[in-house]
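Chemist: Here's the letter readout for the chains.
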Amino acid sequence: MLWLCAHLPQMGLEMFGKSPEHQPATVVVDERKIHLMNAAAQEAGITLGSSLATASSLAPDLVCYKRDEKAEKEYLEKIIPIAYRLTPCVSVSLPYDLMLEVSGSIRLFDGLTRIVRLLQRSLRHVGHASFIGIAHTPSTARVLAHAKVSTPLPEHPDAKTVRDTALERLREVSLQYAELKASDVERLFNMGIREFGELLDLPPHELGKRFEKGLLEYLKRLTGTAFDPQKYVEPAERFQSDIHLLDPVLDRQSLEEHMERLALELVYWLQSRQLGVMEALWTFKPFDSEGISVPVRFSHPRTRVPSILEFSELALDAFELPKEVISISLEATRVDSLLNTGTVEKDLLGTHEVRPVLPGDLLDRLTARLGIDSWQLLRNMNDHRPEYAWSPSTASESGRSSSPFFTPGSRPLWLFEPPLPVKRKHFELLKGPERIQSGWWECDFSRDYFVALHESGSLCWLFNDGEGWFQHGYFS
Amino acid sequence: MSDLRDLLSKKFIWRACDLADSTTSEQAWGIPTGFDDLDRLLYGNGWPRDALMEVLVDVHGCGELRLLVTGLRCLLREETRWMAWVNPPFVPYAPALHGLDIDVNRVLLVHPNSHREALWALEKILESGSCSAALAWLNEQDLKEKHVRRIQTRAKSSRVWTTIFRPSHAAQRSSPAELRLHVQRPQSTDGNRVELSILKRKGGWAVNDVPLKLQWHPNALSVDCMARRWNQWRQTGKTEEIRRIA
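The listed protein sequences correspond, in order, to chains A and B.
One point on numbering: in numbering that gives the first Met the number 0, the residue at position 273 of the first sequence is 272, and numbering is uninterrupted.
One point on numbering: in numbering that gives the first Met the number 0, the residue at position 33 of the second sequence is 32, and numbering is uninterrupted.
Rather than coming from a laboratory, the hints here were simulated on the basis of the structure.
Be careful, since some hints might not be right.
Stretch-level coverage of chain A by chain B, calculated; a stretch enters the list once three of its residues show a Cβ under 8 Å from a Cβ in chain B [said to hold, decoys possible]: (1) 361–371; (2) 411–418; (3) 457–463.
Chain B stretches covered by chain A per the calculated footprint, using a threshold of three residues with CB under 8 Å from any CB of chain A [as the list claims (entries may be wrong)]: (4) 63–75; (5) 92–99; (6) 106–113; (7) 121–131; (8) 134–143.
Glycine residues also receive a C-beta, built at the ideal position from the N, C-alpha and C atoms.
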C-alpha cells in the first residue's frame with residue numbers, strides 16, 4: 000500500500016475564489032475565532048485562534064468569511080475528480096484532506112514523482128496550495144502532510160522501503176499533529192514525550208494501562224499493524240458546479256476568469272469519467288433577480304478548456320448579461336462517451352466506411368453565434384418521393400447517406416420547398432411525363448413530372464398532381 | 000534596343016500577351032472548369048483556387064450551378080476539406096448533387112438570419128480552413144465594396160475558392176473580385192446552353208459571349224463513343240483469348 004495525502008491547508012479560504020495574494024487581509028471565522036487567514040492578514044499581525052474583534056482592530060479593512068462546514072465538505076467532494084484521474088482509490092478525509100492509494104498507478108504514470116507533480120499542479124490550477132504526505136498507511140500520510148514532512152522515496156518503491164522510510168520520518172514529527180484527544184496530547188507533553196518516535200518506543204502494554212484504548216489503536220493504525228479501512232469515493236454522476244461571489248462581478252474579463260475555473264473543473268470531471276461534453280448550461284445570477292441561462296451546444300464531445308470557453312463566450316455574445324453577477328454556475332446537461340467519436344466505421348463484412356471528419360470547430364462557432372438551426376448537413380434518403388429523397392441532417396447522423404436511384408440529369412439541382420403553384424401557359428414541356436406514385440402508407444402521392452422550359456429560358460421541373468401545375472425546382 | 004530584348008527575356012517581366020491565351024501545362028494550377036473553351040480563357044487554366052469570384056445572373060436557375068459543378072467535384076475529390084453554401088435561395092437537392100458525383104456528405108448549408116450574420120458566417124468559414132470552396136448568396140442592397148474586399152482577402156489568405164452570386168445589375172459597380180462572370184441564357188434553346196461574358200479576369204481583357212454547353216454527367220459519353228469503346232474492348236479481349244489458346 001502506498002498512500003498519498005493531499006493536504007489543502009487554505010482550502011476553507013481558497014474555495015471563495017480569487018488567489019489570496021491580490022486581496023486585502025482576509026480571514027475565515029469559526030465561532031468568532033480566526034480559523035484561517037491569508038498572507039496579508041498574517042502581515043497585519045493577526046494570529047490564528049485570536050478573536051474577530053482583535054483581528055478587526057489590527058486590520059480595519061478586514062474581509063471576513065464565516066466558516067460553513069457543510070459547504071466545505073461539498074467543495075472537497077467537488078474536487079475529487081482531480082485525484083480520481085490518478086487512481087480509482089480516493090477517499091475524503093475531513094476537513095481539508097484528499098487520500099489517494101497509488102500503488103497501482105505508479106507504473107502507469109512512470110514513477111511516483113510524476114504522480115505527485117500532476118496532483119499538485121492540477122490542484123494549483125483550481126487555486127489550491129497543497130502539501131503531499133507519502134506513507135504506507137493513511138494515518139501516517141496525513142500526519143506527514145500536516146507536519147509538511149516529505150518522504151524521500153525512489154521512483155518505484157517497494158512496500159518495505161515505504162514503511163521504513165515513512166516510520167523513520169514520522170519519529171521526528173511533533174505530537175501536536177497526532178489525531179488524538181487534546182487532553183491525551185497534553186498529558187504526553189507533560190510526561191516529556193513530545194515526538195512520535197518517543198511515543199512509539201514506549202512498551203504498548205504500559206501505555207494501554209495508562210491511556211484509553213483509542214491511543215493504542217491509533218498507534219497500530221499509524222504503524223500498519225492494524226487494518227485501517229477507507230471509504231473510497233467516486234466522482235458524481237452529473238456535473239454541476241457554481242461559484243458564489245462576495246463581491247459582484249461587473250466586467251466581462253473577470254467574469255471570464257471565473258468561467259475558466261468552472262470550465263477547468265468540468266474538464267477534470269469529464270476526464271475522470273472518460274466523457275466529453277455535448278451540451279452545457281451556464282447560469283449567471285444577479286443579486287436580486289432571476290438570472291439568465293446560456294446553453295452551449297457542441298457538434299462532438301468536447302474535452303478541452305480552450306474550446307469549451309471559446310464557444311461559451313461566443314454564445315454569451317447573443318445574451319445581455321446582468322449588470323452585477325453574483326453567482327455563476329455551470330452544468331453539463333448532455334455528455335457523451337468519447338468512444339463514439341471514431342471516424343471509421345466497420346460494417347458486417349469488415350469493409351471500412353470512412354466518415355468525413357466534421358469541421359467541428361466551425362460548426363460549434365456557427366451554433367454558438369447563430370443558433371443550432373443556422374446550419375445543416377445534407378443526406379440522401381432511399382425514397383422515390385422527391386421531398387423525401389433528401390433530408391437535412393445533424394452532426395451525429397452525418398455520413399449515413401444512402402445512394403439514390405435516379406439517372407443523372409433527371410433531378411433538378413435546386414428544389415422548391417414547398418412546390419410553387421404555377422400557370423401552365425408560361426412553360427414549354429420538353430420531357431415527360433415521369434409518373435411518381437408512392438407513399439401509400441402515409442399520404443396518397445401521385446404526380447406526373449415534366450422537364451419544362453420557362454419563357455425566361457430556365458429549365459424547370461414541373462408536376463401535375465391532377466389538381467394543378469406546380470414547379471418543384473430549377474435544373475439550373 | 001538590345002537592352003530591351005534582354006529585359007524581355009527575363010522571366011519576371013509580365014507581358015499581357017503571354018497570359019491572355021497561355022495554355023502551357025505548367026500554368027494549369029486552376030480548378031478544371033469542365034469546359035475546354037473556358038479553361039483556355041482563365042488564368043491558370045481554371046477556376047481560381049484562392050480567390051473571390053463573382054457570378055452575375057439575371058434569374059436563379061439559369062445554369063449557374065452546372066457551370067461550377069465540375070470544379071466543385073474536382074476540388075472535393077482532391078481535398079478532404081468541405082464545401083459551404085451560405086444562404087442558398089432554394090434547397091440544393093442532394094440526389095441531383097449525388098448524380099453529378101459530388102460528395103453530399105461534405106456539404107455544409109448555412110442559413111443566416113440577416114446580412115450581417117451571413118457576412119460573419121462566410122468570414123468564419125473562410126478563416127476556419129475546413130472548407131475548400133464556399134458559395135454565397137448575399138443581399139445586394141446591403142453589400143458594400145469593403146465587404147467584398149474583405150472576403151477577397153480572406154479567400155486569398157486561407158486558399159478557398161469563394162464564389163458570390165449577384166444580380167446582373169451589379170456589373171455596373173466596381174468590385175475587387177478576381178474574376179467576374181455574367182451568365183445569360185441565349186434565346187430559344189433547349190435549356191442546356193449558356194452564354195458567358197467574362198467582365199473581369201486576371202491576365203486578360205474582358206471577353207464577351209462565350210457559348211457553353213452544359214453537361215449533366217461528367218462521364219456521359221455519346222452513344223457512338225460508347226459503341227466504339229465497347230468494340231475496342233471486345234477486340235483486345237478476343238486477341239488475348241486466342242493467344243492463350245495458342
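Chemist: Decide, hint by hint, whether the structure agrees.
Modeler: Hints, one by one, checked against the model:
| no. | hint | in the structure |
| --- | --- | --- |
| 1 | 361–371 | holds (count 6) |
| 2 | 411–418 | holds (count 6) |
| 3 | 457–463 | holds (count 3) |
| 4 | 63–75 | holds (count 4) |
| 5 | 92–99 | holds (count 8) |
| 6 | 106–113 | holds (count 7) |
| 7 | 121–131 | holds (count 5) |
| 8 | 134–143 | violated (count 0) |
Checked against the numbered hints listed earlier, the structure breaks hint 8 alone; every other hint is satisfied.
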